[in-house]
Amino acid sequence: MADNVLFFTELLGMPVLDLKGRRIGRVKDAALVPREHTSRIDRYLVGGGDAWLTVRYDQVAGISRDAGIRLSDELLVPYHDDDCILRIARDLLDQQIIDVTGRKVVRVNDLTMEIRQEGGRATVHVVEVDIGLRSVVRRLLQGGMPGRWIRRVQEPIPPNSIRWELCNVVESDPLRRLRLAISYQKLEELHPADLADIVEDLSPSEREAIFETIDSEVAADTLSEIDPKMQAAILESLEPEKAADIVEEMAPDEAADALSELGAETSEEILEEMEAEPKTEVEELLEFEEDTAGGMMNTEYVALPEGASVADALAALRHNEDLLEQLNTIFLVDAQERLVASVPLARLFIAPADALLKEMASDPLIQAPVDESQDRVTEQFDKYNLLTLPVVDEEGKLAGVITADDIISVLRQK
Amino acid sequence: MGRLFGRFRYHILVFFAVIGPGFITAMVDNDSGGIFTYSAAGARWGYLPLWTLLPITLVLIITQEMCSRMGAVTGKGLSDLIREEFGLRVTFIMMTLLVITNFSNVVAEFAGVASSLELFHISRFISVPLSAVAVWFLVVKGNYRSVEKIFLLASLLYVSYIISGILVKPDWKEAAIYSVKPVLLLEPGYIYMLIGMVGTTIAPWMQFYLQSAVVEKGITAKEYAASRVEVIFGCIMTDVIAFFIIVACAGAIYSVAPKDIQDAKEAALGLKPFGQYAFLLFSAGLFNASIFAASILPLSTAYSVCEGLGFEAGVDKRLKEAPIFYLLYTLLIVAGAGAVLLPNFPLVKMILLSQVLNGALLPFVLIPMILLINRKDLMQEWVNPRWFNLVSWITVAFMIGITAALVAVTIKGT
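Here the protein sequences come in this chain order: V and P. For what it's worth, the numbering used here labels the leading residue of the first sequence as 1, then goes sequentially. For what it's worth, the numbering used here labels the leading residue of the second sequence as 1001, then goes sequentially.
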């Protein structure tokens, strides 16, 4: 292995020598100052007698595994804790961090670092976070046998490491997060379902930290993918305003489901903070029993008058761009908003622009009343191979739709 | 009135949402080793040992309550917390000991399976491999929800002990008196028996299992009050079962002729003169208890170890994602069941050995537990109140003393 590679376990306990080559102490910990530099070790904490001393990175002349750390400047200040430093042994080792590319939560066993020579100075940079068996072996043996042997013993085990840039440290204290320049932007780029899996592996306070800081839209998508019980716990832990922002971004049916899991008081508080339009939608849905068609449906659908043509439909779709990803059916309603037909979206592609939608309707029209039981609804999806089922109220008016993904969630929870 | 009912319904719902972990853990506490200990106590000393059940229940509640509280508040398993707060090396040593201890327990459980089914004239060469395969598939192929339901069902089957206790028609008046009247005989055999009864009550694996199960179930600090009720209820039920086992053996064996029994099988046979049903129920109960514990122990062990050492774990992961988890899980079952099939395998000695190991490991689990639960940064307002700390330190000191005595006695006796 290259000589400039240094594992954190090897740095720990390394002797620190002054200008005359006398030993002042051993390395007890090392710290990054993320605001200054994201990967360079900024300080070495050295324990000699009673107090710890701080060695800054620019006071180090050389570092080697055999000889230890040679200083170029002996003016060391006593160590005092401050919020801007990320101490590796204390804050990172043995703790959980998020592996962004692997999309999972992992536990830090060791760090792989690199010694760089920069003009008469030696600096150490964090390169990788080590997880897996190899680093476990290395750490268990550390101190038990000479460093050279340990490297030889661990050599045959395949390494399992994550690049430092792709790690996300989790910190639940918001102030400290700011000082350490920890952001969860990298997480926002993950697929919400992957982020949901990660969040489920964290502790409650860490979950709260993530939901507090990430973009409300991402938060909403992620929350929709989480188990309902945990959804409720997360919403409860957030400030009502933040919770309301997230709930607004959720599909109304999912928002209603999440709120119905909460105690009456908390869900009231969140509703109060919401904008008028999503609020009424959610409130309407909350009226229905959870295990009926009304409780399962959402209100994100496209409905047109019964005389509409393909051109009208395309215009309507342009107005509802945010629905497109999930949409597979267009509904036709009469003057009293009663459901009269459902048209599969794909039919539009092969129809001329002036064709009437009514002529392309599925036959027979399958619909469910709002008070239909969950089991019956599921049965209908199975029987008629549905993707979307319209739900109508007592007067036959279109109230909402149930989509196949709702059914899958129901079945999975059984 | 409606509101009151609504609130009541909410509490009931919360209770059912959290039921599972505490109850299951407490029930599995009466595994083959426990049943043997209680049977032996009843067969030799009749109703005299019954008074110990009250203090035993108390001790059980205190330790179990701490674990489920830690799980609910921190959202982390016990081995996670030990790793984060005490480092890799301590965790590694503890996990190694846990694997050894739990392995001996798994062997003891399969020994219980073998001897209970031999009462029904089924050869152990059929019963043990079949049980091992069934256990492996149940946990690996079932999902958490359904497995938990099966476990809860298995908990109900402990009722068989209550019924067989009643069928024997013991002397209820005497049972009632000695339940509250402490009797201390200064006979070595009696004292050994008392130590054994307390010593089998708390096993290290229970602490790990309970806390992980609470976390897995997603119980939050807010729902914790309901969870505590469940834990207490479970612990009481455990000792109600123990009461009936002792009473059954007191009524059937002691009142005919007090004798030292060598294993639980002998106790079941002792019930035979009191009717086929009493005998059948007692034996079926032993089988249920053994296979129940044999399902949970390997799983819990693999979980704790992988959590603590930072390997992927969980039955919802694929083999490729969590190789170490599956390897450990499978190995424990295969080796545990295989050991029982070895010719001349000392079954009784193995059960005793598992007790000794449980006892030896216990202090190393209980002391870190109390240290952790008093950490304000982990537990916030949920740290132990001062009186509770006093009680739990006394409990722990007492348990350590008792188990040390049990270990000493067992080693001397063999």
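Just so you know, these hints were derived from the structure itself, not from any lab. Being a predicted model, the structure only gives us computed values, none of them experimental. Every residue gets a Cβ at the ideal spot worked out from N, C-alpha and C, and that includes glycine. Accuracy of the hints is not assured; some may be wrong.
What the hints assert, rightly or not - Facing chain V, according to a computed beta carbon distance under 7 Å, are these residues of chain P, among others:
(1) G1075
(2) E1084
(3) G1087
(4) L1088
(5) F1092
(6) T1096
(7) G1310
(8) K1317
(9) K1320
(10) P1323
(11) N1384
What the hints assert, rightly or not - Calculated lysine-lysine pairs in the DSS-like style (CA-CA distance at most 27 Å, straight line):
(12) P:K1149 with P:K1412
(13) V:K186 with V:K104
(14) V:K104 with P:K1169
(15) V:K229 with P:K1272
(16) P:K1222 with P:K1376
(17) V:K229 with V:K279
(18) P:K1259 with P:K1349
(19) V:K358 with V:K383
(20) P:K1222 with V:K242
(21) P:K1259 with P:K1412
(22) P:K1259 with P:K1173
(23) P:K1259 with P:K1169
(24) P:K1272 with P:K1349
(25) P:K1349 with P:K1412
(26) P:K1272 with P:K1259
(27) P:K1181 with P:K1169
(28) V:K28 with P:K1376
(29) P:K1272 with P:K1169
(30) V:K279 with V:K104
(31) P:K1222 with V:K229
(32) V:K104 with P:K1272
(33) P:K1317 with V:K186
(34) V:K229 with P:K1317
(35) P:K1181 with P:K1259
(36) V:K279 with V:K242
(37) P:K1141 with V:K229
(38) P:K1149 with P:K1222
(39) V:K104 with P:K1412
Against the earlier hints, flag every one the structure doesn't satisfy and list their numbers going up.
-> Numbers 6, 8, 9, 10, 11, 12, 14, 15, 30, 32, 39 - these are the hints that the structure violates, sorted from lowest upward.
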